[in-house]
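Asker: Here's the letter readout for the chains.
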Amino acid sequence: MQAFEYAGPSTIEEAVKSLTGSKSGVALSGGTDLISRMKDYVTSPDRVVYLKGVKPLAGITETKGGLSIGAGTRLVDVIANKDIAKEFPALQQATLEVGTPQIRNMATVGGNLLQRPRCWYYRSGLGLLGMKDGKSLVRTGDNRYHSIFMTDGDALFTSPSSLATPLIALGATATLVGEKGERTIPVEALYQVPKTSDDRELTILPGEILTKVTIPEPKGKNASYEARQKQAHDWPLVLCSVSLDMNGNEVNNGRVIIYGVAPIPWRSEAAEAAIKGKAITMETAAAAADAAVKAAKPLSANGYKVGLTKTVVKRALLAAAGNRYWEEA
Amino acid sequence: MAEHDPTKPRPGTSRRDFLRGSGLAAATAVLTAPAVAALDEAKAAAVEDGPKVLSGELPITLQVNGHEMSCKVEPRSTLLDTLRHRLDVTGPKRVCDRGSCGACTVIVDGDTVYSCTTLAVSCQGHEIRTLESFDTGATGVPHAFHQHDALMCGYCTPGFVTACKAMLEKNPNPTIEEAKRGLDGNICRCGTYVGVLEAAMAAAKAMKKEA
Amino acid sequence: MPSWPEKPRLIGKSIPRIDGLAKASGKIKYPSDMRPEGTLFGVMLYSPHPHAKVTSIDTAAAEKMPGVKGVVVIAKAGATLRYHGDDIAGVAAETEEQARDAVRAIKVDYEILPHVVTEEDAVKPDAPKIVPSGNARKGRAQTTGDPEAAFKEADAVVEAEYSAPVITHVCLEPHGLTARWDRDDAITAWASTQAVGATAGELAGRFSIPVTNVTVLTEVMGGGFGSKFGADVWGLTAAELSKKAGGRPVKMFLDRIQEHLAGGNRPSAAGKVKIAGKKDGTVTAVVATTSGTGGARGGSNFPFPYVYAIKNVSREHTEIFVNGGGARAMRAPGHPQGCLIMEAAMDDLADKLGIDPLEMRLKNLNDGDKVVDANGKPTISRAGIYREQVPIGAKLIGWENRKPRGQNGKGPIKRGYGMALHQWGGGGTAVNKVTCTISPDGSVELKTATQDIGTGARTILAIIAAEILGLEVKDVISNIGNSTFPPGQGSGGSTTSPSMAPPAFNAVSKARDEFLARVGKAINEEPADLTLQDGKLDVKGKAVMSWKDACRKLGMMGVSVTEGFAEGLASGGVAGCQFADVTVDIETGVVKLNKIVAVQDSGLILDMLTWRSQVYGGVIGGLNYGLFEERVMDPGSGLMLNPDMELYKLAGLSDIPEIVVHAHDTPEMRARGVIGVGEPPTISTAAAIGNAVTNAVGVRVNKFPMSPMNVLNALNAASNKEGKA
Amino acid sequence: MADPDNDLPPSELPIAHEAPCRHLRHKGMYVYTDGISGESHQDYDNTIYWCLTTMKSFGPDDDMVDGPGCRNPGRTCYEAI
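Chains as they are written, first to last, in the numbering used here: chain E, 5 to 333; chain X, 43 to 253; chain W, 1385 to 2109; chain V, 3 to 83.
Next comes chain E alone, as it looks inside the complex:
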């Protein structure tokens, strides 16, 4: 880890000022991602602005039928929140499986949304795209954990936030505060696909901090389902969150967001179209799952993810409909 300056602001204004006053300053909250990246010299800021002393950033409040979750709210507090458990099981289920008890005690909602990709090429110091001599190391290398969608480009890593998946499904917005004031964008707009090695996958601007996410009033049903290799402390291989606006037994509008398959949280419009106007049954869920992976173009070593994604999408849909067939055996 390179040496850096340290600032510990107590207000959002101070935090923004501390960040903008530096050349390459970064905000630090739970530290579960950033500190490791700094130790690996993947990120070497000249200043670290510690946000946990900024009290207004933490907390969960009701807003017009929905919920506002401060970016500084710890994951453990998201899990314990009764409103989230009741109204937004998709969010609670995804949060429950993040990291470990220690990580959930430390990590925050904002930090989870803005963590950098876990791609092992990036973490090895080979750059966000893992390029060497103009060629992608990922494409010919070990890409078992990489994308199966958008693979025509060079960004082959997968978007790492478990919380973005349900939040986007639930139609949440993110509020950012910078030198020039505040802006609110859909959570999905926090992410972009980098085209070159100089691009980033996050849209947050220099000097900005994420202050909160707001989830609108729930409609219908929502759920998350994930598959991972280990039960203890592991990253999902694939995670799917669905939010179904129901008209009686039928889906009026549904949102299907998939983690682990693309450099951004992947919205499957094909799966959404497949369930529109239909009841969620084994058959319709399977059809939607088929539709979800129709456009998949896996890499050399992650073809297994196509079938896995199908299963995860199917199970997320069925979980929302109250059918957990895989637990019955």
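By construction, these hints were calculated from the structure, which means they are not laboratory data. Some hints could be false.
[Said to hold, decoys possible] Straight-line distance between alpha carbons at most 30 Å, and here's what the computed DSS-like set of lysine-lysine pairs gives: (1) Lys1976/W / Lys234/E; (2) Lys1437/W / Lys1448/W; (3) Lys250/X / Lys1411/W; (4) Lys1736/W / Lys1747/W; (5) Lys21/E / Lys94/X; (6) Lys212/X / Lys234/E; (7) Lys1979/W / Lys247/X; (8) Lys298/E / Lys1794/W.
[Claimed, not checked] Residues from chain W shown here face chain E by an in silico Cβ test under 7 Å; the list is partial: (9) Leu2023; (10) Ser2038; (11) Asn2097.
For glycine and all other residues, C-beta sits at the position ideal for the given N, C-alpha and C.
Chains X, W and V: place on chain E using the hints.
Answerer: Frame of chain E, contents of chains X, W and V only:
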């Protein structure tokens, strides 16, 4: 939270001269300006209308196991390294050093954290507890680990004991499933998990008897 | 000839380890916790390239960095670096942060050489050479009988390929030591090592000082698993840096990344196997071409065929060299690999023959295989031990619930059972010594230069002394982990207990005899009438005084006896079997372990509690090998992609199933004396899991670990094949 | 303990009975104490060797350290016991 990296050029090629952990600057052997500045004596420059910006070797005071402990650290020093290298609190161990294995677990304000991904400077004013402060008597967690042979080489053990203690403080009646999940943030290589789970359940029982 | 007590009071009982509370309270100091007065922090610079020549190295800037007290170059200009993680230089500074900064200020110019990091790439004709003689060292084919003829007469023949990747030791305490020059010809080192003697010898050898002037201290240490023998490059570098810094202690422990890269690994293994059998279950022939890599080092060979008696065999092994960190001995070197390939082939053949793989295993045991008794005579049939163990394991796992492969129901959740057999040698060696001292104040101390790597070596010595002297375990001080003590065994090969228990027994027995002779004289009683029990001295069976009072009769001089090995107290050679019950979700490829059963013999068990812990630990090591572990190398960059404890996957508590350990603790086994148990129980777990997964899903999953990727790939390959057929 | 040389390529057999170089090390020397035989089990050898002068699996001559190679007096770095 808002974690951004606003320098140009962006990370990517510009940073890839640093291969992970190799500690090697392939292209240049020169430290960045702030790194050099940080090696000077402690500095605290005031940002206009903002908080103080700290750099260099800073005197800090930590509340560890009920004692005030003081030493000098750089802002980049982790809580773990500060405890182990400067304060001789060596119960917490450094194993993965990346917040994955749990050997460095300490309790800050009642919650377990990985001290290897926590900066010491941010812990001032908070209550830090390590396993050296735990009751070693018959109703304590260390005793249960000892009796159930929940340790072999013992290097993961401090982390497990600490995670177990904090779990039982919050949930004195864990089910087996809850105890497993509660201790999922720690890794043992010798394979003592069976004893660990037995010890956790036994410690819960012993604590109840005492109460 | 000496023998263990027939009705022991302590031996074989469950006794908590004597240093357990000190470990569980964080109070005991590990070598990596030591920070003697004036300690400097050492950091290693290691190769960022998989293959390169150092063309120049300039440490001038590093030496001028704040706090730096010394720089040592290991890879001078012209040196070849053979793997990501190969040692280049070491730095010592006042703080660790300063040392890390200084390491980055060392300017190295490299001539990058072409690299090869996978077994597949290494054997391509145009592959860059890692070893002057070539990347593939083909062994001589070893053939017995006539396999080809046997294949022709067989009722079933199976041909298949099986493989397991390189895994690393992941000792939780990193490799390293703190070295201090006490004067110009004496060193003290606090080392995390499995062999204090070896470490002292290497330090002495490097600096040409008498080995008796080197004190290596390892009171406790955080795991080794075979990878911590000797001082290592970084240990010698620490000592050299200490010398440069005027003798100030230098603390040098690897970071987790270099630990993965350079601290050792278990070689990969792959085998193309053709196996044949008769309807009655007799395995008639096996032909195998196997290979593996130990990185830029040999050591990938493994025993094959394994366990079974097969008449017609041909086997040929090829060592493959790649630009990867070198292998080191890892818990039962070679056996887990040989076991998982052999046992997979056995199951596949049984499936094809349509018979129970358990019955087939029993049918093909090697009746000529004899293990030694306590007198060193090969009188005990290992096949006989298996025949006793297998039915026990089958009952404990519920083998009767096992259905033939592919008959596990229509839903996506499939249950399966698998089993495997293993064996190990081990045994004691005769060169070690233990000193037993009984002091007039009543204290009892055992002293020897062995070390406790977590197996409970310290505790079993105390149990032996307490047993013989009629004391409690807590009354005995087990003073080990010091290279200047009487020579003790390196902790490896499951040899520590059988090597150290006999000299402890002899030393304590002789000390007791001398003690009773002197006390008898002091109280005018015949020594033959004196016995020790319950902390008291008895005369003709009647307690006359406490242990402490008896010790006072020694006057000013205690009793001190140093003794060595004797036949009759230890032996080697064990069998063992394991069973796995798993559930596999064939839609996700996720494997859930329901239960593992381990049946293990190991002669006379000294402490049932720590013995069981070792078996649990072996099983858990094996389940990591079976389900999670893999060193992932990137062919393009030549780097290890997962040198961490996150993407290098190891089980957590929620991944641990019910584990049933059955000690095969029969009178016949007890009569064999002490045998170590460190390695045997880790050998067959992965093999049993692989067979259980295969039984569940209906097709052979032939690549370890049993990850969702490998399970789904195997299922897809099978359904593609079916589709084509 | 069987002779690990049984597993060597035939071309290397003739030198197999020379005494090993005094810098040759392997774990077995610290565990079994029976000299050079290492972790051999019956007819195979998977011994992990290192050289005391380099502490690595390659000797001062940049060639591999192993049982047969380090019993070859013709090797430039070979030193008799």
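Asker: Verify the proposed pairing of Lys1736/W with Lys1747/W, using a straight-line Cα cut of 30 Å.
Answerer: 16 Å, holds
Asker: Between Lys250/X and Lys1411/W, is the straight-line Cα distance small enough, at 30 Å or below?
Answerer: 26 Å, holds
Asker: Compare the distance between the alpha carbons of Lys212/X and Lys234/E with 30 Å, and conclude whether the hinted pair is satisfied.
Answerer: 26 Å, holds
Asker: Under the criterion that the straight-line Cα-Cα distance not exceed 30 Å, is the pair Lys1437/W, Lys1448/W satisfied?
Answerer: With Cα atoms ~26 Å apart, Lys1437/W and Lys1448/W stay inside 30 Å; holds.
Asker: Does Leu2023/W pass the interface check with chain E, least Cβ-Cβ distance below 7 Å?
Answerer: Where the cut-off is 7 Å and the nearest Cβ of chain E is about 5 Å from Leu2023/W, the hint holds.
Asker: Going straight from one Cα to the other, do Lys21/E and Lys94/X come out at no more than 30 Å?
Answerer: It holds: about 11 Å lies between the C-alpha atoms, which stays within 30 Å.
Asker: With the threshold set at 30 Å, check whether the alpha-carbon distance from Lys1979/W to Lys247/X stays at or below it.
Answerer: 26 Å, holds
Asker: Does the interface hint hold: is Asn2097/W within less than 7 Å of chain E, judged Cβ to Cβ?
Answerer: 5 Å, holds
Asker: Is the interface hint satisfied for Ser2038/W? The criterion is a beta-carbon contact with chain E at less than 7 Å.
Answerer: Given a least distance of 4 Å, the restraint on Ser2038/W holds.
Asker: Hinted pair, alpha-carbon criterion (30 Å max): Lys1976/W, Lys234/E. Please report holds or violated.
Answerer: 9 Å, holds
Asker: Does the alpha-carbon distance linking Lys298/E and Lys1794/W stay inside the 30 Å limit?
Answerer: 26 Å, holds
No hint from the list above goes unmet by this structure.
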